[in-house]
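The primary structure of each chain is shown beneath.
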Amino acid sequence: MSAAEAATPPAPPAAVTILRAEHITKTFGGLVAVNDVSFDVPQHAIVSLIGPNGAGKTTLFNMLTGLYRPTEGRILLGERDITRARPDVITKYGVARTFQNIRLFGAMTAVENVMVGHHAQMRAGLFGSIFRPPRVRREELQTREHARELLAYVGLREPVFDRLVSQLPYGDQRRVEIARALASQPALLLLDEPTAGMNPNESQVLTEFMRTLRDDLKLTILLIEHDMKVVMGVSERVTVLDYGKKIAEGEPAVVRADPGVIEAYLGKQA
Amino acid sequence: MSELRARLQGWRAAVQKRLPPWSSRGLAVSLLVIGIILPFLFTSSSAFMNATIIALAYAVMSLGLNIVVGFAGLLDLGYVAFYALGAYSLGWFGSGFFFKAHIHVLVSSVARTLPGVHLNFILILIAAGLICAGAGVVIGLPTLRLRGDYIAIVTLAFGEIIGDVAVNGQSVHVGGGMTLTAGNLGISAVDSPYFPGIGSFNLLNLRPWYWLIFAILLFVLFVNLRLRDSRLGRAWIALREDEVAAVSMGIPLVRTKLLAYAIGAAFGGMSGAFFGTYYTEVNAGQFQFGFSIFILAMVIIGGLGSIWGAVVGGMALGYINNYLIPDVLNTFPSKLGFNFQLTSVEFGIFGFLLVIMMVLRPQGLIPERRRRLEMTAEIAPADAQLAEAPGTPGGGT
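These protein sequences, in sequence, are chains A and B. Under this note's numbering, the very last position in the first sequence is 352; numbers go up by exactly one each time. Under this note's numbering, the very last position in the second sequence is 489; numbers go up by exactly one each time.
These aren't lab readings, by the way, just hints derived from the structure by calculation. Since we're looking at a predicted model, the values are computed, not measured. All residues carry an ideal CB built from backbone N, CA and C; glycine is no exception. All clues given are correct.
From the structure, some residues in chain A lie toward chain B, with a derived Cβ separation under 10 Å:
1) ILE172
2) LYS174
3) ARG179
4) GLY207
5) ARG262
Simulated pairs of lysine to aspartate or glutamate, EDC-like, Cα-Cα distance not exceeding 20 Å:
6) A:LYS174 x B:ASP334
7) A:LYS174 x B:GLU335
8) A:LYS350 x A:ASP340
9) B:LYS109 x A:ASP244
10) A:LYS311 x A:GLU284
11) A:LYS311 x A:GLU345
Far from chain B by the CB rule (all over 12 Å, computed), these chain A residues:
12) ALA97
13) PRO282
14) LEU299
Could you build all of it, start to finish, from the sequences and the hints given here?
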């Protein structure tokens, strides 16, 4: 069933590459976390990054968003080399992300969290913030309004908006995190295990939502995911990592049949 | 106990619901009016006025440190450095200390005849703010890659360095027989503030001093309130809450942290400049490590990250330190037959107060709005039951 679904929106063959990783390697001391991995993310696609625990998926994400610098290799966002760029600059260029274990700003309300996501879009500086000329006042109001719209868009309702995020249930926190990522108006959205801790029903809803997101906002989505049902259901392309190396890549159905992938997940057959 | 607390919260909510929407604004206006007319209610050179002026200046420092520690979450244990630099700004630019120079800008006719650099107090205030902001950036730079305790240690060292430079500055020659500081001798005979039309600033009439520091406090308070609810304020709090997430949301780490250091330091410097002129002397002995802790205690007792808390904490400790202990209760132990004065155990008293606060009200006197939400939020009924009866059967079956 999921294989059939995956075939539905085929990416146009001559798609533009939005993100390209070229031979990137990351070592921590003697440990090679990511080893010579190259892959492309076509624009407007949903691409999954899968692999057993410790395969280097999150390390790869951290390099793509500038939190880590690759030991070797190059990362291109469109035509731009972002290999050594700072995380906040990469965000400005249009890459947003969520985290495996939700990292919201606990002492802030849902709206404020999303407003932080707008940071790169806003102009107010030190003196603007202090003296609040009409321009800053307007910007502040618009940002707040837009934050509320985003929260509504990810499926949250009014009373939740002004509540501290640390008091929200897990599922709502995930939504706030997605809204916060969307606030920076990204072209590329990185989701790190978005369905972790969700029941099958919630995962299904989120899967649908990812497609809506991609189509509504003209986004490209790269996700790390363990739930194979989600992966097979939503992605047009799958990249598989194991022990830091890319072991397979391609359409979900192909990857699923790949003996190397089966071995990585289930172990070598006797 | 918990029932009582819940009932109290219920009452508070009910009272808040019944208050008209303009009540907070009304409260602010009445505080302002009380603040302005307060000096007329007391003798113009009373000990209480003196304590009030010092308490207000402490509140300014507390507000400055609150930006660094409370908003941005950078534990700064060297805040006394900015007190020192602010006070020296006054010593340098508002006295005859640099006796070879003859620079006079908008000062009284008396000061105009004296050698040295004599700038108007407002200019000195600005200079102190700028110098300290620069110093704040200098101290901030090496701490950027550090977290928590390590920041505390680096800033502590910075505070000590500035203190030592202040003491030994009398051996640092800046040319023409002039030195950098006067060490423990102190730079004395500093200018009093001079504003045409306002009565003279002397120690027999404390009212002008009061209004001056009150105006400084209002300015600093205004900046704090504006910054808290701004793009920059949110960025600080985001960094405090989760640095990795914050930079991933597009917040430039270096710039944002350095701004916190610089602005916090600038306020400390302004208060320091005021202390310099108010104490009529800038002495290296004033800038002890204990003062950093004292200011930090104000921020914590007031409520970390809370603007009104910083004001209340600063004033409370100011009054306790400069009025309650030395003037009101000092002879209390001897009345009980003990052979000591309360002033000799004041650090013990502060320590005791801190412990009491941490046990009874860890969130501070006036907790930050966000923390208040965190601590007093309604607990869902199901969770409340769980909390009330831990380990009872029924939940599982």
